[in-house]
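Enquirer: Use these hints to put chain B onto chain A, whose structure you have.
Number of protein chains: 2
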Amino acid sequence: MKISELSQRSGVPLPTIKFYLREGLLFPGAATGRNQADYSDEHLRRLRLIRALIDVGGLPVAGARQVLSALDDPEVHGHALLGAAHEAIARPARADRSSPQWQQARAEAADVVFGRGWQVCDDATALDQLADAIAALRGLGQDDMLTMMDTYAAVTEQLANEEVALVLARGEPAAMVEGVVTGTVLGEAVLTSLRRLAQEHVSAQQTADQVSAGDGR
Amino acid sequence: MKISELSQRSGVPLPTIKFYLREGLLFPGAATGRNQADYSDEHLRRLRLIRALIDVGGLPVAGARQVLSALDDPEVHGHALLGAAHEAIARPARADRSSPQWQQARAEAADVVFGRGWQVCDDATALDQLADAIAALRGLGQDDMLTMMDTYAAVTEQLANEEVALVLARGEPAAMVEGVVTGTVLGEAVLTSLRRLAQEHVSAQQTADQVSAGDGR
Numbered sequence: 165m166k167i168s169e170l171s172q173r174s175g176v177p178l179p180t181i182k183f184y185l186r187e188g189l190l191f192p193g194a195a196t197g198r199n200q201a202d203y204s205d206e207h208l209r210r211l212r213l214i215r216a217l218i219d220v221g222g223l224p225v226a227g228a229r230q231v232l233s234a235l236d237d238p239e240v241h242g243h244a245l246l247g248a249a250h251e252a253i254a255r256p257a258r259a260d261r262s263s264p265q266w267q268q269a270r271a272e273a274a275d276v277v278f279g280r281g282w283q284v285c286d287d288a289t290a291l292d293q294l295a296d297a298i299a300a301l302r303g304l305g306q307d308d309m310l311t312m313m314d315t316y317a318a319v320t321e322q323l324a325n326e327e328v329a330l331v332l333a334r335g336e337p338a339a340m341v342e343g344v345v346t347g348t349v350l351g352e353a354v355l356t357s358l359r360r361l362a363q364e365h366v367s368a369q370q371t372a373d374q375v376s377a378g379d380g381r
Numbered sequence: 165m166k167i168s169e170l171s172q173r174s175g176v177p178l179p180t181i182k183f184y185l186r187e188g189l190l191f192p193g194a195a196t197g198r199n200q201a202d203y204s205d206e207h208l209r210r211l212r213l214i215r216a217l218i219d220v221g222g223l224p225v226a227g228a229r230q231v232l233s234a235l236d237d238p239e240v241h242g243h244a245l246l247g248a249a250h251e252a253i254a255r256p257a258r259a260d261r262s263s264p265q266w267q268q269a270r271a272e273a274a275d276v277v278f279g280r281g282w283q284v285c286d287d288a289t290a291l292d293q294l295a296d297a298i299a300a301l302r303g304l305g306q307d308d309m310l311t312m313m314d315t316y317a318a319v320t321e322q323l324a325n326e327e328v329a330l331v332l333a334r335g336e337p338a339a340m341v342e343g344v345v346t347g348t349v350l351g352e353a354v355l356t357s358l359r360r361l362a363q364e365h366v367s368a369q370q371t372a373d374q375v376s377a378g379d380g381r
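Protein sequences, first through last, are from chains A and B. As numbered in our numbering, residues 165 to 381 make up the first sequence, in order. As numbered in our numbering, residues 165 to 381 make up the second sequence, in order.
In short, the hints are calculated from the structure, not lab data. The beta carbon of each residue, even a glycine, is placed where N, CA and C say it ideally should be. Treat the hints with caution; some may be incorrect.
With beta-carbon atoms standing in for the labels, derived distance ranges [to be verified]:
id, chain 1, residue 1, chain 2, residue 2, range
1, B, Q267, A, G188, 30 to 40 Å
2, A, Q283, B, A329, 26 to 36 Å
3, B, A195, A, R258, 26 to 36 Å
Next up, chain A with everything else stripped away, as it sits in the complex:
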């Protein structure tokens, strides 16, 4: 198909497609003339993946490029690709990580994770981000929130068992690789949306309970 049809079928504006081509996120079409190229269903599929990472996953273009190049690299697969996807969705560190308070939070994060026998890299970005959140909660005197830590850890381990099994069940390597990327990025979008909706529901319910109890009913 022509680039105009690619734009029409994907719903992605022409200048944006040209931008992705220039930036190397989208591979070039087969040249059919001096200024024309032919695009395939593979391009359409790739374009959908790019938009999912950016629009739904909230990745910056650089992050999407990082995930896609790991996906294209035949040397990077399975477990290593998961690492690449995690690094790409990690927000750049903005918290101050030099203070003794942060170092203590970092040690606490490591205790949670290694205390459960999880095999993760000692320098995983997610471990630093967990420490950022712990340090912030402690700095704000919201220590009671940290009593949820074990519950969160148990729940995420249970989810990860199902998530990873689902991806491995695909068998076919290319499909597994795409599953890792979309499962990490879009799965997180599903989970956080549902968490907000569940909180809204429970908050409405428990607040109503309190009001009724106050009425003596």
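Expert: Same frame as chain A, now just chain B:
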């Protein structure tokens, strides 16, 4: 304390503090001279909250302002504040929401939520974001990921019950209000970090299992 001491104790650079003052995120100190003001521990605490929302929660300045002004509004409390916090952390819509595919995903999202009897606003932003993720997964042919939906919903409901109870247990309204904000924003940071670590662990484990099985061991 002087603004220089506020900067030193908070670790926030002076120009940044002045920016927050100008933007109204931080309330002014008590004037002690033509160009001097006195800042209290309340300012220090507020500054920590601002940084937690921006650095750890990843909110833009406008989002932080939105959460803080809901927090300062005596008319907004409990359940309504949760809504304000959710709106602030919601990413601006970037996905195309006009297509029939999206409308179908939106109906599917509503089915998940109302099918569980959750009482949420029919126009909750999180419901649109859930639809974004569903539409993206279907568009990419990753439908098998959607089999996790019920598990995610059950897990987030369980978590929300504990999270909301924890905040209500504080009793004191100001503390509850701050708990809603930090629990929503920083709790999400804790949960997503742990999810990535759990995935890393399980992926290492299950991949190793596959390799051993392949070896006939």
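Enquirer: Hint compliance check: list the failing hint numbers for this structure, sorted ascending.
Expert: none
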